[in-house]
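Asks: Given the coordinates of chain A, assemble chain B onto it according to the supplied hints.
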Amino acid sequence: MEITPLGDRSVLVRVAANFEEAPEHALQQVLTSHRCLVAAKIPGVIELAPAYTSVALFYDPVRAIDAGAAVEDVFGWLEQRIREALAKAHGIRSEQMKVSQVEIPVCYDGEFAFDLEDVARRAGLSPNEVVDLHSGGEYRVHCVGFIGGFPFLGGLAPQIATPRRETPRKEIPAGSVGIGGKQTGIYPIKSPGGWSIIGRTPLRLFDPQENPPGLLRTGDRVRFRPISREEFEKSAS
Amino acid sequence: MKATAVRAGFLTSVQDLGRAGLREFGISPGGALDPHALRVANLLVGNKESAAGMEITFGGLRLRFADDRIVAWCGGNFDARVGSASLAAGHPALVHSGEDFSIESPAIGCRAWIAISGGIDVPVVLGSRATDLKADFGGMNGRPIRDGEEVPLGENSERAKTLAEKLRAQRIASWKPPHNWSSPAQRAPVLRFIRGSDASHVTPEAMETFCEAGFFVSPDSDRMGVRLDGPRLERTSELDLLSEAVTPGTLQIPPDGRPILLLNDCQTIGGYPKVAHVITFDLAIAAQLRPGDTVHFSEISLPEAHRALFEREHDLQQFRRGIESHFK
Numbered sequence: 001m002e003i004t005p006l007g008d009r010s011v012l013v014r015v016a017a018n019f020e021e022a023p024e025h026a027l028q029q030v031l032t033s034h035r036c037l038v039a040a041k042i043p044g045v046i047e048l049a050p051a052y053t054s055v056a057l058f059y060d061p062v063r064a065i066d067a068g069a070a071v072e073d074v075f076g077w078l079e080q081r082i083r084e085a086l087a088k089a090h091g092i093r094s095e096q097m098k099v100s101q102v103e104i105p106v107c108y109d110g111e112f113a114f115d116l117e118d119v120a121r122r123a124g125l126s127p128n129e130v131v132d133l134h135s136g137g138e139y140r141v142h143c144v145g146f147i148g149g150f151p152f153l154g155g156l157a158p159q160i161a162t163p164r165r166e167t168p169r170k171e172i173p174a175g176s177v178g179i180g181g182k183q184t185g186i187y188p189i190k191s192p193g194g195w196s197i198i199g200r201t202p203l204r205l206f207d208p209q210e211n212p213p214g215l216l217r218t219g220d221r222v223r224f225r226p227i228s229r230e231e232f233e234k235s236a237s
Numbered sequence: 001m002k003a004t005a006v007r008a009g010f011l012t013s014v015q016d017l018g019r020a021g022l023r024e025f026g027i028s029p030g031g032a033l034d035p036h037a038l039r040v041a042n043l044l045v046g047n048k049e050s051a052a053g054m055e056i057t058f059g060g061l062r063l064r065f066a067d068d069r070i071v072a073w074c075g076g077n078f079d080a081r082v083g084s085a086s087l088a089a090g091h092p093a094l095v096h097s098g099e100d101f102s103i104e105s106p107a108i109g110c111r112a113w114i115a116i117s118g119g120i121d122v123p124v125v126l127g128s129r130a131t132d133l134k135a136d137f138g139g140m141n142g143r144p145i146r147d148g149e150e151v152p153l154g155e156n157s158e159r160a161k162t163l164a165e166k167l168r169a170q171r172i173a174s175w176k177p178p179h180n181w182s183s184p185a186q187r188a189p190v191l192r193f194i195r196g197s198d199a200s201h202v203t204p205e206a207m208e209t210f211c212e213a214g215f216f217v218s219p220d221s222d223r224m225g226v227r228l229d230g231p232r233l234e235r236t237s238e239l240d241l242l243s244e245a246v247t248p249g250t251l252q253i254p255p256d257g258r259p260i261l262l263l264n265d266c267q268t269i270g271g272y273p274k275v276a277h278v279i280t281f282d283l284a285i286a287a288q289l290r291p292g293d294t295v296h297f298s299e300i301s302l303p304e305a306h307r308a309l310f311e312r313e314h315d316l317q318q319f320r321r322g323i324e325s326h327f328k
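From first to last, the protein sequence lines stand for chains A and B. First residue of the first sequence? That's 1 in my numbering, and the numbers climb one at a time after it. First residue of the second sequence? That's 1 in my numbering, and the numbers climb one at a time after it.
So here's chain A without its partners, still in its complex pose:
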């Protein structure tokens, strides 16, 4: 584990050394650490943000100093409290971690799936086989970010991994489901982007009028359910 300053108001806690080799293990480490750091209620801490192998902790140095940190060593003071909090992580078993299971309906119809044929051609598969592989998988959210509510999902069948497009699209419609490298994800709002688009969900992944505003959190389990164009229209209206 490495604790390092991320500027003068945040700290990066790198809890796993490697992601690619053992993504599930890294996710578990991140989730337990995140939970311990939330529970620790360290004075001056404003929020925590998990991503892949790290948890970032954002703090107000003035409040930390008011709570007893020396001006000359706010980082050391925080680091000690972070280590104390994480020492309790060993007691938490993975079964105790509650994560949501979310099913996402996706219409893979050609009209929404700009790049489905391209993904199929690269993989040497038919478009239907790509859809079967994509909707047959079980995914985990490893990170939410880039834009509000965008989930980065691990667990994609390696056959349909597709490099990012050389020229990103200027505008990808909200709800578009894409493949970017070994990950799949969903554009919650219309945005520029470089992922290959293979379908669209009628679900709203990000709604600022709701609290929480995002449908998915890091750690959630996700499945995709193929739906017809009719069902898409019905759910979208």
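Keep in mind that a hint or two might mislead.
To be verified - Using C-beta positions, here's what the derived DEER-type ranges look like:
#	chain 1	residue 1	chain 2	residue 2	range
1	B	Ala188	A	Ala67	35 to 41 Å
2	A	His90	B	Glu208	41 to 47 Å
3	A	Thr167	B	Asn180	42 to 48 Å
4	A	Ala67	B	Asp220	38 to 44 Å
5	A	Asp118	B	Thr236	55 to 61 Å
6	A	Lys170	B	Pro204	36 to 42 Å
7	A	Glu231	B	Val190	42 to 48 Å
8	B	Phe216	A	Ala236	58 to 64 Å
9	B	Gly257	A	Glu20	22 to 28 Å
10	B	Arg187	A	His25	51 to 57 Å
11	A	Lys98	B	Arg187	53 to 59 Å
12	A	Glu103	B	Ser301	47 to 53 Å
13	A	Glu171	B	Pro291	21 to 27 Å
Rather than coming from a laboratory, the hints here were simulated on the basis of the structure. Ideal Cβ placement from N, Cα and C applies to all residues, glycine included.
Replies: Chain B only, in chain A's frame:
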């Protein structure tokens, strides 16, 4: 209880101190690019420090008031007026119903924060009134203020009414906060930074260049980040890193070697090497950078960065106590 933006200007948005706690959903804090300037402006008009005000970019704003209000602004070296009188940064002024406040053409800097007594009363979305221009929510329906638009205002506080009475005759208060609070913009500034954890992902020569050379602010800069032209900073690898959190002040190096200094509307995560972080205190200066400006960087320690913030907060508390007499 409103003001009309007779002219809205180049880019004017409703901002407060931003929204915390939403990074796990990919939402950055946003809010005024110089929150200290907005806090000070709010104190000057008798508001809570967290009240919503306006952030203007390059000026061009003309506001017409429908009732009496106290107005103050902090930011770049703009030319501001109430009615026909010139209004310097940091001085609260009484604006009468039917009168205009206008702010134009900065000589140095590019942004200013305007506080109006009563605050801007747009709905609170996810704990803040700030406009998120990237995700299109908050403020005036998630977008900049438009020409001719009416901006809702909250009620004048008793404090503001007392100050208004005192300013009946002279109109503009003679007192003001410290100069570098009301006018933080500098010509060719030096921004202080602390070294980032990925500094070893650029060559040692690149790190040396970063500390010594001057950079130019590129035109494709905005509230998400300041892009810098000048010497390219060579990375040790073309490959990006696994994405981790980034934050306002983070200075990252994309593959083309042109540094990007992130500001409040930045993404929450990024995979470019984070070679430096401009200290929070100096982000007030960074918020004033405009295309073509030169900027230098100078390394300091993390405790020095914390001391700067701590001392400013202490001074702000004293200032808060000091101006109380004007509201009684």
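Asks: Next, verify each hint and record whether it holds.
Replies: For each hint, the structure was consulted:
For Ala188(B) and Ala67(A), the hinted distance range of 35 to 41 Å is satisfied, since their beta carbons lie about 39 Å from each other. Distance hint check for His90(A) and Glu208(B): the Cβ-Cβ separation is about 43 Å, which falls inside the suggested range of 41 to 47 Å. A beta carbon spacing of about 45 Å between Thr167(A) and Asn180(B) agrees with the range 42 to 48 Å that was offered as a hint. In this structure the hint that Ala67(A) and Asp220(B) lie 38 to 44 Å apart at CB holds, the actual value being about 41 Å.
In this structure the hint that Asp118(A) and Thr236(B) lie 55 to 61 Å apart at CB is violated, the actual value being about 33 Å. About 39 Å separates the C-beta atoms of Lys170(A) and Pro204(B), a value consistent with the hinted range of 36 to 42 Å. At about 60 Å, the beta-carbon gap between Glu231(A) and Val190(B) misses the expected band of 42 to 48 Å. Here the CB-CB span from Phe216(B) to Ala236(A) is close to 47 Å, at odds with the stated 58 to 64 Å.
The hinted range of 22 to 28 Å is satisfied by Gly257(B) and Glu20(A), whose Cβ atoms lie roughly 26 Å apart. Between Arg187(B) and His25(A) the Cβ separation comes to about 52 Å, which falls inside the hinted range of 51 to 57 Å. Range check, Lys98(A) to Arg187(B): about 55 Å between beta-carbon atoms, so the 53 to 59 Å window is met. At roughly 51 Å, the beta-carbon separation of Glu103(A) and Ser301(B) lies within the given 47 to 53 Å, and the hint holds.
A hinted range of 21 to 27 Å for the beta carbons of Glu171(A) and Pro291(B) is consistent with their spacing of about 26 Å.
Figure legend: structure checked against the earlier numbered hints; hints not met, in rising order: 5, 7, 8.
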